[in-house]
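The whole structure should be built from the sequences, with the hints applied where relevant.
Below are the chains, spelled out letter by letter.
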Amino acid sequence: DTGVSQDPRHKITKRGQNVTFRCDPISEHNRLYWYRQTLGQGPEFLTYFQNEAQLEKSRLLSDRFSAERPKGSFSTLEIQRTEQGDSAMYLCASSPELAGATDEQFFGPGTRLTVL
Amino acid sequence: GENVEQHPSTLSVQEGDSAVIKCTYSDSASNYFPWYKQELGKRPQLIIDIRSNVGEKKDQRIAVTLNKTAKHFSLHITETQPEDSAVYFCAAKGFIHQGGKLIFGQGTELSVKP
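Chains as they are written, first to last, in the working numbering: chain A, 1 to 116; chain B, 1 to 114.
No lab work stands behind these hints: they were computed from the structure.
As the structure is a computational prediction, the values presented were derived from the model and not from experiment.
Ideal Cβ placement from N, Cα and C applies to all residues, glycine included.
Residues of chain A placed beyond 12 Å of chain B at every Cβ, according to the derived structure:
| no. | residue |
| --- | --- |
| 1 | K11 |
| 2 | Q17 |
| 3 | R64 |
| 4 | G72 |
| 5 | F74 |
| 6 | T76 |
| 7 | L116 |
Simulated crosslink set (SDA-like; lysine to any residue; CA at most 20 Å straight-line):
| no. | chain 1 | residue 1 | chain 2 | residue 2 |
| --- | --- | --- | --- | --- |
| 8 | B | K37 | A | D103 |
| 9 | B | K22 | B | V54 |
| 10 | B | K37 | B | E15 |
| 11 | B | K22 | A | G40 |
| 12 | B | K113 | B | S85 |
| 13 | B | K42 | A | E104 |
| 14 | B | K113 | B | G16 |
| 15 | B | K42 | A | Q41 |
| 16 | B | K37 | A | P109 |
| 17 | A | K11 | A | D86 |
Given below as structure tokens:
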């Protein structure tokens, strides 16, 4: 499968624990995005990387959230001291950075987080 | 701030009828407008998109129209089929954030009854 992959697909944790999610974008896609989707809502932007540089962060991304893309390939999203309100689907997307290329963002299957 | 409003939130049609979903956006600098289809438990998948220099785009039974002056765009599905049943999201991307974030609408749950 050459699409965007995410791991794990499901995560159940207790309030106060730390969790880390991984996203592997489509090979050679320079741009990588993280979104959060709650039930019945559209995805909400969290943060964006171009190669290894984190270029934009949403106000939704509190100090408990941190994202990295150390080598410009895969990315990790860590949530510290999880709260019940963090329960959501965390989606990763990637897109190429080529002149004239599509603006399409290709989404991964998501990681569903449940905080008990 | 940037905002995309989507209507209706639910839409039920008979198989073979047409379905129309409408979105308005607030950022006049937005220049790219994709539509995603999301089936239950699955990832969003692009079905059609349009750039701000085009007023209409069609792909078989699906079409999108854009009115930049009014800052709204619409998805049209003709000859609907049961497999069109899903949640549809519109989105907008701004020129300032070229290569950056998409702002999504709230979604429309489309149900096509056989």
